[in-house]
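As you go down the protein sequences, you meet chains A and B in turn.
In short: position in the first sequence from 1, add 712, done, that's this note's numbering.
In short: position in the second sequence from 1, add 32, done, that's this note's numbering.
In case anyone wonders, no lab produced these hints; they're calculated from the structure.
Careful: at least some of the hints might be erroneous.
Beta-carbon label-pair distances, calculated as ranges [stated by the list, open to error]:
id, chain 1, residue 1, chain 2, residue 2, range
1, A, Ala800, B, Ser133, 45 to 51 Å
2, A, Arg752, B, Ala168, 51 to 57 Å
3, B, Asn150, A, Glu820, 41 to 47 Å
4, B, Gly128, A, Gly774, 26 to 32 Å
5, A, Arg752, B, Gly128, 30 to 36 Å
6, B, Thr165, A, Gly799, 26 to 32 Å
Ideal Cβ placement from N, Cα and C applies to all residues, glycine included.
Here are the chains, one letter per residue:
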Amino acid sequence: MSATTAPPIDLGSLELGLESAASTPAIALEDVAAGYGRRRVLSGLSLTVERGELVGIVGPSGSGKSTLLRLLTAGADLHRGRVEVLGASVRRRPPARVGYVPQLDNVEREFPIDVLEVVLLGDAASSRRLPWFTRAERARAGELLDRLGLVGLHRRRLADLSGGQQQRAFVARALYRRSELLLLDEPTSGVDPTTRLDVLEVLAELHRAGLTVLLTTHDLNAVAAHLPRVVCLHGRITADGRPERVLTPEVLEATYGGRMQVLHDGGRVVVVDAAPVGLGGPGRQPDPWREDGLAS
Amino acid sequence: MTEWVLLPLDYAFFTRALLAGVLVGAMSGALSTFVVLRRMSYIGHGLAHSVLGGVAVGLALGLDLYVGAIAATVLSALLIDAVARQRGLHADAAIGIVTTSIFAIGVAVLALVPTRLNVEAVLFGNLLGVNRTDVAVAGAVGLAFAALLLLLFKSLVFTTFDTEVARVHGVRTGAMELTFSLITAAVVVASVRVLGVLLIAAAVVIPGATARLLTRSVGRMLVVSTLLGVAAAVLGLYLSFHLDVPSGPSIVLTGALAFTVVALVSGITTRLGLRAARRRPSPSELQARATTQDGDQAGRTATAAMDAADGAPPSPRR
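Excised from the complex, chain B in its bound form:
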């Protein structure tokens, strides 16, 4: 076991990939909290696909991989916005039209113009292909993402929870939406080398979905999904090294396995909880009984009764 862990660390390419993987895992994990809560998994899927088009066109023009990827994601975001403004169309149709078209352009360019692009590596991620630039890009995007999260967390949560009320209450919701789109695009671009364009979408959904089953607080969900993203990246990279499979699939499958286990356990505990709940009065029944009493004491009695019914400790009081 020790050798299984330590042996890969003797290779510089693996330590580089591990560093980039931890950064990408943390970013995609944190992002997945908001992707899941905003029900926007399709945007990650779409932007990731458009990256292939940008990379292919960029390399055909002799540009760096990241230049093409950034251009493609920015162009996609602008076109999606423009198409979605057409009467009778919604964002999902716009994403499908724009990003699939850019993906198709990439496939066509690869067929017509000889490039040095390793298509399989771009599609599925490549452990061997991670270089210092990739680590630097992931680090820069990670730092910017962390800073924005620290500064905008409350406004981002308010906008995600209730956009219209957040706007009326002074949150610049338009700026929040734009910031979220830019963060998503940046994380997608920074994750291309490690995860591959076809698997980024899963990485920005699975940790958040798993964390959603484990916690009922958005703050804790953010922490848990970030840790899950890092854990899946680290374990996935080791599996990629030892089993000689591309890094993207191994990371995504690790995350998917964690989700499956959590979903099964969560399903079982929910069923057990429901059975137990059927044998005792519901919280609303207890509340109704308790609030027939007058005043402040009524609420306290209700809470104590509900806590007891839930098997929970008494609710904290100021």
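Next up, chain A with everything else stripped away, as it sits in the complex:
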């Protein structure tokens, strides 16, 4: 965690949903083909994620990243193969003990609800039927928020929180149902670099606490810097492994359909676009409006 930008999190003694940890993998896909109705988005997909792993799924838009998340939560149509999550086969109903963190862009931030209520809704399906939450439920949700560094912000509106704090609140909601597996849809999309770092540090902390975390992202450099395992997806898996082994120009071309440069800076892998001629490449023209005379 960046000590100057975000409060620390402490999941040490918190009751997470890890008591049922078993020998089965957290996620097991076997020769899967899936999509929506007759439209096929994923095919020939086999993937195993062991319990306690932190895995990033990367790929271009339309590559099937979101479909993969939906498939794991019974939100896409399984055409062929087998899908198991936390040891149970997934067909019509989403598996229990799975927490989902949406893209911030898809959240109605002006919704009339405070942060504590956001977290409490995370287990609405199991909560008793009456329209209010019990004192014990509020206490547990409040403790979770405190552990995630949102001390004193329980009664704030979502719109009053920074992007990083909002992500922490949604992670708290995902954890509140005692999840063993967290699925995050583009958690670093549309956020500033500080918030991105904050989010990735929170996920690393959850990983250290023993949770299984699977996230989708476009951010190759964040994956390279922070995640121990990356899966490249383009309708099928094009590569799977440690970032420094997977993020190669050949794999990225097979995944994204275009050339990318991969730089190695000590132990770090940095992916940069191979700039086309006319957009900052060798053929760029001087721009008289810029002081340095270069094309923008």
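Add chain B to chain A, keeping to what the hints say.
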């Protein structure tokens, strides 16, 4: 003033209308919370229009008003779903096509087949036309609505706030959507006599929109919009009686007046608040300053500073 209030109560038709009005006002007010939050005002508008078609066809066939109204709303809901599934079409287009067509069928039937239907009363509501059956229907729908709200409130709020996450977290969001559609249809049908088909749409939007300006909690919004719906119905019915105007317009205009006043006051206070905020550090600035300190104390300091900046009392702690 006392006479203005008590005189109408001497008339049995008014007390019946008042009872039905309170029930319809409460139902439409409560429903409006979800209509506003789900941005679905068009569905209320559409279903209300389709009621005229159902009522006209039903009466032409010798059926009761409610049979035609219920058939029309159910048929509308099914057709909207079917049309919306067509490639390239969205629900708004489906609602426009289906409900306007059923409304047009009703107008055509009224022109071709002589019926005993008082078209003006169906369109704009009629104080004199409220009978015991109308009160019973409003009471039954109101009871069912209240029971569903009590049992499903959390799941309904979760589905409204974030449908996809609610689904993954075990809420049967499809059942919630269907329940909401049925509740909307039932409230529309139960409100026909008092409000009229052309004005129901406003009654299921205005109280919620007004409450949204007054509160930032969905629970309080539900309570406030229900009370506003009841208040508009009661005041509107008195105005209808004394000014001899149809009940629907008087109820809707009362609600619209309340919305206008609240919107103006809210706009003024927001401007004043913004001016005051410009003179002090923003909450995010205070948070950033405070979180440079370590640990738990940092968050508490930030909150205290933000509370002070907002002029609010300290945030509650467990």
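Cross-check of the supplied hints:
no., hint, in the structure
1, Ala800/A with Ser133/B: 45 to 51 Å, "46 Å, holds"
2, Arg752/A with Ala168/B: 51 to 57 Å, "54 Å, holds"
3, Asn150/B with Glu820/A: 41 to 47 Å, "43 Å, holds"
4, Gly128/B with Gly774/A: 26 to 32 Å, "31 Å, holds"
5, Arg752/A with Gly128/B: 30 to 36 Å, "33 Å, holds"
6, Thr165/B with Gly799/A: 26 to 32 Å, "56 Å, violated"
Of the numbered hints listed earlier, the single one contradicted by the structure is hint 6.
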